[in-house]
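Peer 1: For the protein sequence lines, the chains are A and B, in the order given. According to the numbering used here, the first sequence is numbered sequentially starting from 1. According to the numbering used here, the second sequence is numbered sequentially starting from 1.
These are calculated hints, taken from the structure and not from any lab test. On a predicted model such as this, the values are computed, not experimentally measured, just so you know. There could be a bad hint or two in this list.
Claimed, not checked - Distance windows between CB atoms, simulated: (1) A:L79 - B:R579: 17 to 25 Å; (2) B:R579 - A:L12: 54 to 62 Å; (3) B:G623 - A:A54: 39 to 47 Å.
Stated by the list, open to error - Below, simulated DSS-like cross-link-like pairs (lysine-lysine); rule was C-alpha separation at most 30 Å, straight line: (4) A:K87 - B:K25; (5) B:K532 - B:K522; (6) A:K88 - B:K599; (7) B:K599 - A:K90; (8) B:K309 - B:K543; (9) B:K309 - B:K532; (10) B:K517 - B:K445; (11) B:K522 - B:K309; (12) B:K164 - B:K25.
Ideal placement from N, C-alpha and C gives every residue a C-beta, glycine not left out.
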Amino acid sequence: MNTITPHHFLILAFLLFGVGFLGVVIRRNVLLVLMSLELMLNGINVALVAFSRAGANLDGSIFVFFIMTVAAAEVSVGLALLVALYKKRKSIFTEDMNLLGN
Amino acid sequence: METVAFIVLLLPLLSACVTLLFLRKHGNVAALLSVATAGGILAFSLYLIFAGGGETFAWEATWIRMSGWELSFGFLMDGPARLLLFVVSFVGFLIHVFSLGYMADDDAKARYFGGLSIFMFSMLGITLADNLIMIFVFWELVGFSSYLLIAHYYSTNEAAQASKKAFIVNRVGDFGFLIGIVLTYWAFDTVNLVEIENQLKDIVSWNLENPQNQILNPVTTALCLALACGFIGKSAQFPLHVWLPDAMAGPTPVSALIHAATMVAAGIFLLVRIEFLFTAQALSLIAILGAGMGLYAGFCALVQRDIKKILAYSTLSQLGYMAAAFGLGMPGLALFHLMTHAFFKALMFLGSGSVIHACHHEQDIFNYGGLRRKMPLTAYTFLIGVLAISGVNFLSGYFSKDAILLSAYNLNIPVFVLLYAGAILTALYMFRLYFIAFEGEARSKNAKNAHESPTLMTAPLLVLAFLSVIGGYHALFPDAIVGAAVPDLTVVAGMDNHLWMIVLGTLAWIIGIVGAKNLYGKVGQTDPLAAKAPAFFALCRSKLFFDDIYDFYVRRIQDPFARFIEVMEMLFISGLMVRGSAGIAGLFALLGRACYLGKIHAYAFWFIFGTLGFLAYAVGFFGN
Numbered sequence: 001m002n003t004i005t006p007h008h009f010l011i012l013a014f015l016l017f018g019v020g021f022l023g024v025v026i027r028r029n030v031l032l033v034l035m036s037l038e039l040m041l042n043g044i045n046v047a048l049v050a051f052s053r054a055g056a057n058l059d060g061s062i063f064v065f066f067i068m069t070v071a072a073a074e075v076s077v078g079l080a081l082l083v084a085l086y087k088k089r090k091s092i093f094t095e096d097m098n099l100l101g102n
Numbered sequence: 001m002e003t004v005a006f007i008v009l010l011l012p013l014l015s016a017c018v019t020l021l022f023l024r025k026h027g028n029v030a031a032l033l034s035v036a037t038a039g040g041i042l043a044f045s046l047y048l049i050f051a052g053g054g055e056t057f058a059w060e061a062t063w064i065r066m067s068g069w070e071l072s073f074g075f076l077m078d079g080p081a082r083l084l085l086f087v088v089s090f091v092g093f094l095i096h097v098f099s100l101g102y103m104a105d106d107d108a109k110a111r112y113f114g115g116l117s118i119f120m121f122s123m124l125g126i127t128l129a130d131n132l133i134m135i136f137v138f139w140e141l142v143g144f145s146s147y148l149l150i151a152h153y154y155s156t157n158e159a160a161q162a163s164k165k166a167f168i169v170n171r172v173g174d175f176g177f178l179i180g181i182v183l184t185y186w187a188f189d190t191v192n193l194v195e196i197e198n199q200l201k202d203i204v205s206w207n208l209e210n211p212q213n214q215i216l217n218p219v220t221t222a223l224c225l226a227l228a229c230g231f232i233g234k235s236a237q238f239p240l241h242v243w244l245p246d247a248m249a250g251p252t253p254v255s256a257l258i259h260a261a262t263m264v265a266a267g268i269f270l271l272v273r274i275e276f277l278f279t280a281q282a283l284s285l286i287a288i289l290g291a292g293m294g295l296y297a298g299f300c301a302l303v304q305r306d307i308k309k310i311l312a313y314s315t316l317s318q319l320g321y322m323a324a325a326f327g328l329g330m331p332g333l334a335l336f337h338l339m340t341h342a343f344f345k346a347l348m349f350l351g352s353g354s355v356i357h358a359c360h361h362e363q364d365i366f367n368y369g370g371l372r373r374k375m376p377l378t379a380y381t382f383l384i385g386v387l388a389i390s391g392v393n394f395l396s397g398y399f400s401k402d403a404i405l406l407s408a409y410n411l412n413i414p415v416f417v418l419l420y421a422g423a424i425l426t427a428l429y430m431f432r433l434y435f436i437a438f439e440g441e442a443r444s445k446n447a448k449n450a451h452e453s454p455t456l457m458t459a460p461l462l463v464l465a466f467l468s469v470i471g472g473y474h475a476l477f478p479d480a481i482v483g484a485a486v487p488d489l490t491v492v493a494g495m496d497n498h499l500w501m502i503v504l505g506t507l508a509w510i511i512g513i514v515g516a517k518n519l520y521g522k523v524g525q526t527d528p529l530a531a532k533a534p535a536f537f538a539l540c541r542s543k544l545f546f547d548d549i550y551d552f553y554v555r556r557i558q559d560p561f562a563r564f565i566e567v568m569e570m571l572f573i574s575g576l577m578v579r580g581s582a583g584i585a586g587l588f589a590l591l592g593r594a595c596y597l598g599k600i601h602a603y604a605f606w607f608i609f610g611t612l613g614f615l616a617y618a619v620g621f622f623g624n
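The shape of chain B in the complex, shown without the other chains:
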């Protein structure tokens, strides 16, 4: 078993190394190698998922040993890991195939596919890791590969800035994560997830049996919130959500793979892995934050013009749903929504990639229009994605999202209100995107000349569309994959108000679709909302000024402080200490150089002078 896990983990690393060392000039070979690797990962992952027969599999070996302290390298294949492994390897493979078509004309194919392989390696590392430090290492690696891939078009200023922004904002979250790991180690003396869980169980059962003689539970809200910082950074949740929309400067398949289906979902996965550490306060905070994000991102998405940015905000909003589900104490629902979201969001991102490819890298939806007749396959699969995310009955999004809504309705009404408003908005902005881009008349030359993308690109769309339709029926999936989600789904199935929820859910998407049809049914080059409600439009465009606040902080507070430190550094460290000591040595050197005259007489003179000096010392002339 561990051999297979090692193969899954190391295959993409090997492929990346071979690509970067030998295939830099052979883009096509590198592309095929990368896709073959992704196929290999899929095959071995499926073996890994099914070979255990649904049992939890754990394996570890010593990685680093220092006196009295040991760091292990291990695999933990439990329910959540199997589900994420399936999503990563399956969606990853489809996106690799799509990339073959999308990046066919790119100059730097080798760099792109090498980056994808590095990403797969890092992401699989997070999935398989059994302790927090290993997770952290791969956590940083996905951040790095995300940076690499966002900056693929590094010659454009936008991509260069966006990659830096993504990396730095993630660093902020990761710092909290690191503090959380240190706190965990301090509290439990181990970072292994299984051991921590067992310790906690022991403490809880001891406290139940001995009410007089309680042991203090080492878990604190501060600890789990520090760990949750990692999730907030990587899943782009409030207040670190600012990097994700900018990250759309990367190639579209990258956005689909990293910034929609897998990497941002790793944050949710992390939460699920450390779920036993969370206190009730921390959970309710995450629920409110997530639900707020679900609504806030919806408003932002409503006024964007860039097709990828709309999808990015929609991703933020759906990640908010997952966080809310987790906060409600339903990690299984979060995982289930993670899976269905990976299907329909990857589908829509790839669909947008197909559109962008056909329209010569035009990304403004107001310059599209009428694409349904030009590229029917893309349009209909995209429509399936839109229907699924809007929660149209009996598609995948309906099951996962309405399960979250129903549990929120029964457990926490404020969260439900936020999420429900978010659901209406989701349908509204998604159908806005669909109506503007695919219906009506073509509004630019590029859109008029668009044509359907090659089979390499449409085939993954079809597969994902199929999964977006049936992905919600968890009974169709083998238990090895969705096993982690089933208990919570069963709980939700037993909840009250089922019928009422179906009515509300249906109402939400019908309001969305009717609203979108009325508002955006016939549009020109401008957003009709800007004319009808300018103040609201401007407020949404501003995205509540988060970027401006951070910009102010960096420019006005952090930069002056950095400059102050720099001056101090120049004065004391590099001035006084480095230059100072060098100066003293230099003085001696000057003195020595003065003796090098290049005249043999002078040397003879110095020689004899020196001998006399030694003589004087030997006879005690210097008082010794």
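Just chain A, same shape as in the assembly:
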């Protein structure tokens, strides 16, 4: 029973996604929230690669490349926003970003 089946990959993917989700929901630091988002995306990537392998086609792998590209772009924009936000508000904690709530 030491063969690795697609199920194991899916469990790993789910765990990664779950950890990322918890990070997004719980963390106060926006930087860490962004990192957690990456984690979620990577969880999805793992699942897609596993599907690609199991299904013996390249659809999933191609999707992974798209996701990685988009994630890179998204992170750069996110970080830029974060820097701008820090310059303006001197804080990167989420509880200080509550203009809508008031």
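Model the placement of chain B on the given structure of chain A, informed by the hints.
Peer 2: What follows is chain B alone, placed relative to chain A:
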């Protein structure tokens, strides 16, 4: 021709627009513009009257077209229209000139003269209109401009209330008028006056030629009485007469123009225009109502103290004479009396304006006295007006009023009795006014210090006095103006009992003048009639309780009903439907607002929660 008619109609509108848009702050410019406009109207109107050579001129164009239905905009210049056009433009011009003097010190001249121009526009519209709907539109416009002008001194409670009263009471009559128009359209499939008349003629001639195969005549008494409601409201006849005396709260030239010479006469003009629609029953009802008004208003006028109210009741009474003449089947006499009345009543109103102006807005005749020596021009012209309205032989009122009396004597004795009693009363209250205000000694400081008014005010008085003297000789006027009145005048001239009528008519004004001299020759600050016949005096003062009855109706019946409706409205429409639907939307909004926490975690959570929801839907979790 139609171009000239358009110019006549649109000149005052243009002047009113320019005044209201640009000249609000320039009273003097506005006044001159308005007077110049009135002069222009007079010139073009005269062209319009004489250019046709006495022929009827009709023109129309499509105004509004809806599927299968068309409303025209047209002019109809026939005899009555020419006569009224002459009265409106001529008397209107004189009153504009008089206003220059009377309103010289007013703060809101621009508003006043703008209002006058709007009035001229509306009144000319009624005069020229060729169909009932157009008449109705301008009918409402004169009501509106009358409201504007009565409320000129809007800071006084009296004027504010009077303007509302005039407007609302007129609305009652106009509602009947509107029903009448609808009935007419239903019966004839058109509202054009000429077409209706032609249809009626066809029906009547067909019925004469084919006695076995009659067509039902679509005219009913209900139809013409509904149309007559418009006349009753606008001409302030029983039972809607209550607004006219109150309307005297407006500036005096307005009372002269609108509430004596032209607008109230528009009711008579309307009757004459739709005369062919009237059945015999409706005519006799109008005759009795008019004659009754002639007498009733006389009694009211006898006990008033306010100079303008006396003249207002006198106007009511004279309008009653016109209505009676119309009811007797003599519309030409009504028109002729309309014209002479416009001359001498405008003269007296302007004379009273001159007096009021000289006495610093004192209007109680018992505070005048001895004004003949202070302001002779005003006094003598006023006296001419008094003589004319009393029917003194060979003045204008004598010809028009005695013609009505004579035809009543020959056609309908009850109407004659009422009118004749009214004629005696007319002489009595008019000479009462004259003796108290102009003769004797001055009874107040204002009257002592009175002085003759400026030429701008006395010149129109002189012109009107001249017309009041000669206005009765219809042969002096061009046929284009009085053509509509001549046939009926000829009929009356051929009637019996002429000499007898002259004696009776002369007797009436002599009784009036002697009675007034005896009763009011020497007065103090109180009315001598109140001491001699207190019960009669009180009855006349009460004006037969019409105001009280209407007041009771409004307060005790209409107001509670309105409040009941209001409660229903608040409960069901604004409560249940408006607030109810808004409340449901509000509930959803509350729910949505609860999600806006201002915490980024919460948004992320909702986002993912929502995504999961979509996912669940996509895999068929909700059983789809």
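Peer 1: Run every hint past the structure and note whether it holds.
Peer 2: Each hint tested on the structure:
1. A:L79 - B:R579: 17 to 25 Å: violated (50 Å)
2. B:R579 - A:L12: 54 to 62 Å: Since the Cβ atoms of R579 (chain B) and L12 (chain A) sit about 57 Å apart, the hinted range of 54 to 62 Å holds.
3. B:G623 - A:A54: 39 to 47 Å: The hinted range 39 to 47 Å is violated for G623 (chain B) and A54 (chain A), with Cβ atoms some 30 Å apart.
4. A:K87 - B:K25: With Cα atoms ~58 Å apart, K87 (chain A) and K25 (chain B) exceed 30 Å; violated.
5. B:K532 - B:K522: holds (14 Å)
6. A:K88 - B:K599: Status holds; Cα separation ~18 Å.
7. B:K599 - A:K90: holds (18 Å)
8. B:K309 - B:K543: holds (12 Å)
9. B:K309 - B:K532: Holds, because 22 Å separates the two Cα atoms, which is no more than 30 Å.
10. B:K517 - B:K445: Holds, at about 25 Å.
11. B:K522 - B:K309: holds (22 Å)
12. B:K164 - B:K25: Status holds; Cα separation ~26 Å.
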